[in-house]
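S.K.: Listed below, chain by chain, are the residues.
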Amino acid sequence: MATNERQRTATDNLTSVVRDIYDQLNGGNIPAMELPLRSKKNIEFDAQHNVWKYGDLQTSRTSKTVQGAQMMLRTIYTADFINEMIRDNKSSTLREMYYISEGWERAKFNSQDESNLLAEDLEIISKCMREDFKLRPEESGAHIYGNLDISTLTKKGMKKFNCMDDVAETGFAVPYNVEKENFGVGDTDAKFVMAIETGGMFARLVENGFPERHGAILVHLSGQPARSTRRLIKRLNEEKGLPVTVFTDGDPWSFRIFASVAYGAIKTAHISEYLATPTAQFIGITASDILNYDLPTDKLSDKDIGALEAELTDPRFKDGFWVGEIQAMLEMKKKSEQQALAKYGLDYVTDTYLPEKLTEMGLL
Amino acid sequence: MRSEKIEDFTSGSTNAHRMAAKQQEISVTEFFEKNKHILGFDSRSKSLLMGIKEAVDNALDACEEAGFLPEIKVRVERLREEEEYKITVEDNGPGILHKMMPNVFGRLLYGSRFHALRQSRGQQGIGISATVMYGNISTGKPAHIESKIEGADEVAWKMDITIDTKTNRPIVTNDAAFTWEGKDHGTKVEYSTKGRYITGKQSVFEYLRNTAIVNPHARIEFQDPEGKRYIFERATEQLPPKSKEIKPHPEGMEIGDLMKYAQNTQQKTVSAFLKNDFSRITDRIAEDILTRAAVSPSAKPSSLTRDNCKAMIEAIAQVKIMAPPTDCLSPIGDTLIKKGLMHILDGMRPDYYATPVTRPPKAVNGNPFVVEAGIVYGGEIPSDEQVTILRFANRVPLLYQQGACAITKAISEVDWRRYGLEQRGGKGIPFGPAIILVHVASTKVPFTSEGKEAVASFAELQSEIEQALRLCARNLKSHLNKMERKSKTSAKFEIVQELIPAMAKKASSMLDMPMPDLSRTISKIMNVVWVDSGTKKEGQKTLIVSYTLYNYTTKERTLGLHAHLPKECVNLTLFTNPHFIGMNDDGKVTWEIRGLQPSASLKISFELKGEMADTYDADDVYVSGINPVLVMGAEALPGDWGIKGLEITESDDGVPADEDESVEEVEDLGDE
Chain A
412 MATNERQRTA TDNLTSVVRD IYDQLNGGNI PAMELPLRSK KNIEFDAQHN VWKYGDLQTS
472 RTSKTVQGAQ MMLRTIYTAD FINEMIRDNK SSTLREMYYI SEGWERAKFN SQDESNLLAE
532 DLEIISKCMR EDFKLRPEES GAHIYGNLDI STLTKKGMKK FNCMDDVAET GFAVPYNVEK
592 ENFGVGDTDA KFVMAIETGG MFARLVENGF PERHGAILVH LSGQPARSTR RLIKRLNEEK
652 GLPVTVFTDG DPWSFRIFAS VAYGAIKTAH ISEYLATPTA QFIGITASDI LNYDLPTDKL
712 SDKDIGALEA ELTDPRFKDG FWVGEIQAML EMKKKSEQQA LAKYGLDYVT DTYLPEKLTE
772 MGLL
Chain B
1433 MRSEKIEDFT SGSTNAHRMA AKQQEISVTE FFEKNKHILG FDSRSKSLLM GIKEAVDNAL
1493 DACEEAGFLP EIKVRVERLR EEEEYKITVE DNGPGILHKM MPNVFGRLLY GSRFHALRQS
1553 RGQQGIGISA TVMYGNISTG KPAHIESKIE GADEVAWKMD ITIDTKTNRP IVTNDAAFTW
1613 EGKDHGTKVE YSTKGRYITG KQSVFEYLRN TAIVNPHARI EFQDPEGKRY IFERATEQLP
1673 PKSKEIKPHP EGMEIGDLMK YAQNTQQKTV SAFLKNDFSR ITDRIAEDIL TRAAVSPSAK
1733 PSSLTRDNCK AMIEAIAQVK IMAPPTDCLS PIGDTLIKKG LMHILDGMRP DYYATPVTRP
1793 PKAVNGNPFV VEAGIVYGGE IPSDEQVTIL RFANRVPLLY QQGACAITKA ISEVDWRRYG
1853 LEQRGGKGIP FGPAIILVHV ASTKVPFTSE GKEAVASFAE LQSEIEQALR LCARNLKSHL
1913 NKMERKSKTS AKFEIVQELI PAMAKKASSM LDMPMPDLSR TISKIMNVVW VDSGTKKEGQ
1973 KTLIVSYTLY NYTTKERTLG LHAHLPKECV NLTLFTNPHF IGMNDDGKVT WEIRGLQPSA
2033 SLKISFELKG EMADTYDADD VYVSGINPVL VMGAEALPGD WGIKGLEITE SDDGVPADED
2093 ESVEEVEDLG DE
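Keeping their order, the protein sequence lines are chains A and B. Using the numbering used here, read the first sequence as starting at 412 and increasing by one per residue. Using the numbering used here, read the second sequence as starting at 1433 and increasing by one per residue.
Any given hint could be a false lead.
Computed, partial: chain B to chain A, Cβ under 8 angstroms [stated by the list, open to error]:
| # | residue |
| --- | --- |
| 1 | I1861 |
| 2 | M1935 |
| 3 | K1938 |
| 4 | M1942 |
| 5 | L1943 |
| 6 | P1948 |
Hints in this document: simulated from the structure, not taken from any laboratory. Yeah, the Cβ is synthetic: ideal placement off N, Cα and C, and Gly gets one too.
Input sequences plus hints: build the corresponding full structure.
M.R.: In structure tokens, the structure reads:
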């Protein structure tokens, strides 16, 4: 769909959300909205796209409670605000929207979490993406480094870059919108994509010349990856046919980072098919790596243990590999960081660890 | 420990003789010097507090006995020596006779109260002299006493006192008369002591503040070591009634007590001794006891042997004797407890002072006692901690050994979850924004130790404390219920008055549509009949009460309305109301409202005139003949009210209960 058309759909859909509330009031009813339940209880595997999406469980938001009525009032205000932005060809950050709501009286957001959640609700109700609403996140996506040509929209029109030759060692900064009209993926001779959790490891691999040596495109995830980062990984995988690997710390939170790249995040399960890369493979640090490479470790905190136990009931982790990894970690009660590999020297990760793991995967 | 007859043991030559000579030298004073902990002088911070406590308790007792409103000044100064403080406690009591001063302050176990049974703070004369002695031995400095008795031509006396620990006798120096400018009567005690000044739960400040709560008739001034002054003004000019002395009651007496009384009595015969020296013993009972014990009524009391006494104690247990009189106790009373709490705790802005409870007096083992309880709730009292417990015995705060105290045990036994406080498993000290006060008054409070820090637990006392707590907690709970109803009510009003209209306005302007009619939506959301109660005071003795009923449901409604009015205050304005049905002998009134249409309202208003008019709480209103879920602002008519509610069979409409929005689970799986 072209930009204009997608935005017209967004406007129409948002208007009809408001019209629905109006009609309920006009009919003498208590306004209510149905939304899919956004929790891990309501995550189902979508065999068509190979990703996890919301199931059929619904939660209803009614104006019978102050909280529900307030959310519905905010929905109307937010829909109006987005329609105005689309009409005037402006965009705003989620944070800006939070501040703009200061003038909305009773519809004002109390925290940015509330406005972020509502933006996602509106995506679900209107079946459009936040990017179509011209709402963007505070920070842009992460960084990318590797022999890849891209074109991106600048103030002077579309420009071409090479993500190795034209950038510093920090890589190319991924914009918040990586849809085709904004961002083009060009030629590459890379053999695979490696998504990396920490900036330290990203810099280590760049410094050691790993991308050049092994034909890798590195993507720095910087914690839980932003939507644009996941979308870009998905496009590289689909359009260039590049296998995707994920290299993180060895702790419960990193397992979740992998899950959101490969299976789809719970919060954005309504758009998993745009964001998730089902064929992505986990390199490590695995629980068995901790043993096999005799890595320095930290003790699992109570929070870590709780997170691991929660993962055992998360449908996305219900496969032999993950159940085994999670239980192994619970048993040894230890976690480790990817940079712990430096125990054996700065080159160990690029000379030994990664080549070994990638060979095992058949990528080298 | 009687040492009047000193025999010469030294003439003997055995080991026993030599040891006896040594044993001889241990005086009461020496014994206590070696066992300071028994008196509560076992840590530096505690010694400091205990000394002040003894002095202040004595001062309050003396003022009340003499009928003066107490004015107590306490000063703590830090001296140059490490951990050494100078304490000054001054009162406006009746003063002490010059010749008595050395014995009162310089001799352990000296005092008139030792054998008297009455509700007093210091129950043994051990306190103030122990303080003086501890000061003596810890600093080597004497105590300085000043005192003046009433009378324009009386002169004030001052002296320094040290206690000779071997003989338990005061050593007086610098004894002199002086003119005490501006002082009509009173006593000042000044002593140096080793100690540590602390702040917090077991501090001098806390002790004085709590003392002020239960002694609202006292004015207490305190200057701390930094020179900061605190003043607890009195909350009432009303002195507590003087506590009466009673004779010991025979029940619960130990054999040693009886033998001691028999030796010291003025009575000539055993029969007279029983009748005159004990309470509740009549001629007939005395005869009964002596017959059972096989003791001649005309025998001299001093001739009673240990076996005689033992037989008498056994006989007393078999004879039925009336419980001791309880009018000797002076509880603080519910209004003054509330006043004291409000006066001192107002800085914490509590939401609610639950009506305090004073239980009727009870007697166990010959000892009368009375229990009182009060609860303060909300405001700035921290809500995520255990409640604060304020324990008092005979108007004295208990700051130590909370865990060992019968009061704490009773609090832990009550299931506070029923009364709106958090408590794991329904046992233990509850959590929540509350302060619980318990006062035990008795002629002989059973303490766990000489330090008088915790009340010993026995079944009757503990169950009385629990009763008092439950009654008081019930007052708290009904307040909390009211608050919850209010917040639910205000939430619904917020939705229909603010949020729904705002929604309609924004949506219609965005869609360019007319503003919709919201009345049906509002009725559906409220889905209640709202009883709005209001009162207006007119002059001193007239209260105008009104109940406005709004039908915020979609059907017409018929219901009964009930209230318990102070009967002597009602007049024609009540009876002439067209909805009035009747009033019973207790003052319980019924109104009937028929066919109140949706969105319609109706007002019932009447006058209460007289002394008791302002005690009426208009929020205590009840309904019948309607599903109580459909009513806001009134409760269902309780079954135990003894009046018949309206019987209406509702064709009912399946009341949609308030379902809360299913909680959306937001996980820590944030993706940006």
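S.K.: Which hint numbers doesn't this structure obey?
M.R.: Hint 1 contradicted; others consistent.
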